[in-house]
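K.L.:
Sequence:
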Amino acid sequence: MRHRKLNKKFDRNKPERDSMMNNLVRGLFISQSITTTTAKAKEARRFAEKIITVAKKDDLNSRRKVFSVLRDETLVGKLFKEIAPLFKDRKGGYTRIIHLGKRKGDNAGLSILELTEKKVVAAKAKSKKEKPAESKPSAPEKEAAKGAAPHAPEKTKEVTHEKHIPPKKEEKEIHPGPTHKAPAGGFVGTLRKFFRGRTK
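167 is the number that our numbering gives to position 39 of the sequence shown; each next residue is one higher, with no gaps.
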């Protein structure tokens, strides 16, 4: 039975739990804040505050104890030189947990674990390139410009574009057929001939 056992297993054996806690605390000391589940944040908080308490002593024995856990010389040096001095006036409460809500998918609670005292990193100011100011013409220069004769615009040659007319097709000559000449006198003349023939 798990009576009086406060630590959680996280469905891992002891080496896996120790490795997970080690990674969480290392990330906390490197970036000063991490985002993880609420259960892991609460467990890592206990682990991190114990390490900071040991690091505040700043002696050889405490350095060896911290190195046996973190196993990183640069991180141990950062902890003793930069992080631990921030909490020299505090007796506890080196970290805090900020709840974020539920995670999509498994509905697990998310939280931010961060240090209560952070080292302020000065942001590098971007050097803005100053644009050269346009030199304004002085009064005598303006008068000289007005007195100068205006420049006559050059005449441009007009370019006429000739329209291209396609060649006409040769028209076929139409030869009129034989035409029957109408009798002289027209209609009246024909009537006269008709009546003359009947009288004879």
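A few of these clues could be false.
What the hints assert, rightly or not - Quick list of in silico lysine-lysine cross-link-like pairs, DSS-like style, CA-CA up to 30 Å:
| id | residue 1 | residue 2 |
| --- | --- | --- |
| 1 | Lys246 | Lys216 |
| 2 | Lys178 | Lys137 |
| 3 | Lys232 | Lys168 |
| 4 | Lys232 | Lys209 |
| 5 | Lys133 | Lys178 |
| 6 | Lys142 | Lys230 |
Note that these hints are calculated values from the structure, not bench results.
K.L.:
Check the hint pairing Lys232 with Lys209 against an upper bound of 30 Å on the C-alpha distance.
P.N.:
Since the Cα atoms of Lys232 and Lys209 sit roughly 39 Å apart, the hinted pair is violated (cutoff 30 Å).
K.L.:
Is the Cα-Cα distance between Lys232 and Lys168 30 Å or less?
P.N.:
It holds: about 17 Å lies between the C-alpha atoms, which stays within 30 Å.
K.L.:
Mind checking the alpha carbons of Lys178 and Lys137 for me, to see if they're no more than 30 Å apart?
P.N.:
holds (19 Å)
K.L.:
Is it true that the CA of Lys133 sits at most 30 Å from the CA of Lys178?
P.N.:
Given that 30 Å is the threshold and the Cα spacing comes to 18 Å, the pair holds.
K.L.:
Assess, step by step, whether the Cα of Lys142 is no farther than 30 Å from the Cα of Lys230, and give holds or violated.
P.N.:
holds (27 Å)
K.L.:
With a cut-off of 30 Å on the C-alpha distance, tell me whether Lys246 and Lys216 pass.
P.N.:
Distance ~13 Å between Lys246 and Lys216 Cα, so the pair holds.
Of the hints listed earlier, the one the structure fails to meet is number 4.
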